[in-house]
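Participant: Here's the letter readout for the chains.
2 protein chains.
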Amino acid sequence: MIDKKHLDYLTSIVEQDNIKTDKAHLIAFCYDATKSRFEPDAVVFPRNEEEISKILKYCNEHKIIIVPRGAGSGFTGGALPSNGGIILSLERHMNKLLEIDMQNMVAVVQPGLINMQLQKAVEEVGLFYPPDPASEEYSTLGGNVSENAGGMRAAKYGITKDYVVALRAVLPNGDIIVAGKKTIKDVAGYNTAGILIASEGTLAVITEITLKLIPKPKFKKTYMGVFPSVNSAMTAVFKSLASGANPVAMEFLDALVIKALKQKFPQISLPEHAGGILIGDVDGSSLADVDEQLNILKNSFGENGSIDFIVALDEEEGKKLWFARRNASPATMVFGTKKLNEDISVPRSKLPEALDEIYKIGEKYGFQVPCFGHAGDGNIHVNVMVKDKNNEKEMSDGHKAIEEIFQLVVDMGGTLSGEHGIGISKAPFMNIAFTEAEMNLFRNIKKAFDPNNILNPFKMGL
Amino acid sequence: MIDKKHLDYLTSIVEQDNIKTDKAHLIAFCYDATKSRFEPDAVVFPRNEEEISKILKYCNEHKIIIVPRGAGSGFTGGALPSNGGIILSLERHMNKLLEIDMQNMVAVVQPGLINMQLQKAVEEVGLFYPPDPASEEYSTLGGNVSENAGGMRAAKYGITKDYVVALRAVLPNGDIIVAGKKTIKDVAGYNTAGILIASEGTLAVITEITLKLIPKPKFKKTYMGVFPSVNSAMTAVFKSLASGANPVAMEFLDALVIKALKQKFPQISLPEHAGGILIGDVDGSSLADVDEQLNILKNSFGENGSIDFIVALDEEEGKKLWFARRNASPATMVFGTKKLNEDISVPRSKLPEALDEIYKIGEKYGFQVPCFGHAGDGNIHVNVMVKDKNNEKEMSDGHKAIEEIFQLVVDMGGTLSGEHGIGISKAPFMNIAFTEAEMNLFRNIKKAFDPNNILNPFKMGL
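Just so you know, the sequences run in chain order A and B.
For the first sequence, our numbering assigns the number 165 to the initial residue and increments by one for each residue that follows.
For the second sequence, our numbering assigns the number 165 to the initial residue and increments by one for each residue that follows.
Watch out, some of these pointers could steer you wrong.
One copy or any two copies: either way a pair holds, since identical chains are not told apart in the list.
In silico BS3-like pairs for lysine-lysine, Cα to Cα no more than 25 Å straight-line [as the list claims (entries may be wrong)]: (1) K403 to K426; (2) K611 to K227; (3) K221 to K611; (4) K483 to K502; (5) K462 to K221; (6) K462 to K382; (7) K403 to K168; (8) K611 to K551; (9) K380 to K484; (10) K199 to K380; (11) K284 to K403.
Hints were generated in silico from the structure; no laboratory data involved.
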């Protein structure tokens with residue numbers, strides 16, 4: 165419960181209509197894409213950076229917890245008020261596309277702008293914003309920056325951090341800072357934008373984002389490589405990329421996901437006897453470029469045992485190929501009532517071994533573990549399927565399996581998260597990935613920005 | 165002077181041969197590419213990370229200043245012991261190329277490895293490390309990371325930060341940390357690698373660097389665009405890039421630099437009546453690609469008033485075109501006895517106006533201000549030429565001109581430094597570029613890593 169005098173002061177900043185404490189609002193802002201639910205004490209919708217500054221300054225002085233929130237589409241509870249406090253929602257007012265600067269090829273946006281709205285706007289003027297997380301239709305760019313979101317096109321074009329040119333942000337004490345300029349290069353002062361990216365809203369509230377744009381690729385085709393086994397598909401991933409293939413995306417579906425898709429979408433056309441599938445686009449400035457890329461892929465896939473290589477004849481057919489990938493996540497639910505899904509990431513050369521071992525861990529506990537995801541950048545969504553979520557033993561085994569998978573991944577030189585972040589869901593596993601020295605440094609960095617620990621506190625295992 | 169008991173302890177760590185206090189060594193390690201000279205109290209050559217950890221732990225406990233140093237080729241005094249202390253030289257032992265991982269397309273190096281040695285080694289196996297600072301023949305990769313070095317190829321391929329995949333580092337308290345993995349994506353924990361890049365050796369001693377490699381481009385040609393004026397050349401820079409040109413490099417020489425080159429190298433073949441020149445390479449996976457790129461450039465340059473567009477017929481001729489750019493810096497010395505050179509960076513669209521105003525500032529004080537540099541990324545080397553460095557009035561005017569130029573650049577949304585860093589040379593200008601809130605944040609970050617302020621202290625205006 166928040167003190168009435170605090171509420172009154174905050175109301176004086178944002179006006180009555182932009183602060184809510186009624187049950188409906190508290191429930192509407194208690195969730196994200198995890199199953200966890202935490203009701204905030206209030207929800208505030210600031211209208212501009214100045215209001216955010218005033219709110220933070222006040223909450224810092226009175227040690228009131230503030231949790232910044234975009235669309236609430238995160239997978240790890242990063243935007244949940246797990247320790248109470250006020251939700252600072254950026255989606256109602258701070259959602260504008262401020263500028264498309266064609267001359268410098270950057271866009272300036274507010275944090276609450278939806279990713280896809282930016283993509284569409286810049287493509288209309290011949291430019292391109294590559295990061296395309298699966299949540300692109302509803303996730304916000306502020307959230308994308310705070311989690312360093314990836315996406316399908318990361319194999320060729322990189323991830324959110326590769327496009328952040330500059331940020332404006334408000335520190336917990338209310339100070340407004342600028343990190344970076346509309347310049348390609350800037351080495352004056354510490355790279356504060358660098359540390360704000362992926363900081364999960366724990367260091368500052370991002371109020372403005374300048375993003376690099378590139379020319380829109382002219383030509384694109386969709387391919388699908390069919391492999392007899394997961395191992396051969398995973399080997400083809402790193403060998404084809406190391407031999408010079410440069411696809412926009414190289415997405416993976418394993419045999420279980422293919423089975424689930426066929427069961428859930430009987431009309432789907434997917435190859436028989438496929439042990440693993442790689443699907444993606446290639447693009448280029450000419451059709452010859454595109455076809456050359458397809459040739460490199462086809463040859464390299466062939467050398468690594470592919471049994472078929474399909475190229476979509478047109479965009480419509482391309483969409484059909486992509487349908488399988490886009491529906492992989494919901495399809496896996498045919499295997500259980502609860503999915504423990506993690507987005508591990510390993511050096512690409514470790515993919516074959518990693519998948520082999522992950523399936524073995526599943527077998528040991530009796531779980532089916534359908535896997536799919538961004539193989540081109542070593543980032544796989546691993547889904548431990550629990551048949552009966554009310555079976556305590558099974559749930560507990562599921563969590564044991566997940567912990568073993570994390571340990572395996574870290575031992576292979578991989579990471580707990582390729583794109584979802586740590587939040588609260590993965591916080592218990594931080595000690596697998598980081599030493600006490602590293603955790604200490606994280607705590608010191610947190611303290612440097614937020615000495616009173618008011619901004620999204622106790623996340624990331626801190 | 166360093167206490168004998170400290171020396172004895174440090175000697176016990178690195179052994180006699182790896183610690184020096186004789187005058188010859190103190191002089192040999194007192195300089196960089198600035199004209200400033202500061203003798204250290206001792207020079208230590210650690211043999212491995214463990215020794216670095218022990219040294220830092222001890223110096224932290226005894227509040228002894230440590231200044232990490234690569235090749236000492238910096239332009240802003242970042243590696244100078246301007247407040248005394250011990251030079252920690254990484255060039256004698258910590259200079260190995262540890263691994264070229266072909267499967268994951270990364271190289272693992274020690275900080276003292278020379279940039280060009282890496283470039284050569286990876287090109288031998290068909291890979292490519294793009295960042296190529298002008299100092300590539302002698303600067304170290306540790307220094308490149310600490311300054312976030314740019315280079316000629318940044319227009320297409322980006323700068324050092326775009327290639328740092330992971331770092332190992334020792335904190336001032338002796339803790340060894342790992343920041344990042346050999347994975348493309350990693351969003352677990354704060355992005356400590358992000359803040360170490362460009363931190364000028366003030367936060368930690370980098371002990372190992374994992375760098376992204378890309379396939380070596382197959383074909384390359386060199387072009388030169390000739391313009392009647394600086395303004396038309398600068399306009400062509402941002403307009404051609406915004407219209408889809410994607411050259412490897414787009415380097416600029418102004419009329420004064422051209423004049424200086426002709427005077428210093430009478431045999432040089434440079435176009436008459438050129439007010440500005442743009443020179444660079446284009447590359448691609450086929451000759452058709454390369455020629456298409458050249459066409460885009462030629463057309464776009466033409467639309468912006470170019471009077472000639474020259475394409476080198478072969479590599480030899482390409483080298484001749486590059487000769488002018490590579491010798492721009494020494495050539496400018498025909499205009500004076502002292503050069504006050506700064507590497508300002510502005511949003512590319514501001515280049516024409518920025519150069520116009522810079523020349524006006526030069527005129528006001530009676531200086532010739534030859535300019536050249538990485539126009540493709542908005543980063544220009546501005547040289548205020550002092551005729552008589554012993555003339556106090558002239559020197560003082562020179563510094564006033566520099567300060568006005570910095571103010572101009574910051575007002576235009578630019579930055580004090582595109583690639584040289586702040587060090588001690590630009591520290592007096594930090595208040596032009598940063599607010600007190602931003603400086604406070606920098607100080608807090610510094611404290612989070614280095615509470616005793618022993619690591620390269622008082623640099624960057626901190």
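Participant: Compare the structure with the hints numbered earlier in the document and write down the numbers of the violated ones, lowest to highest.
Facilitator: 1, 4, 5, 7, 8 and 10
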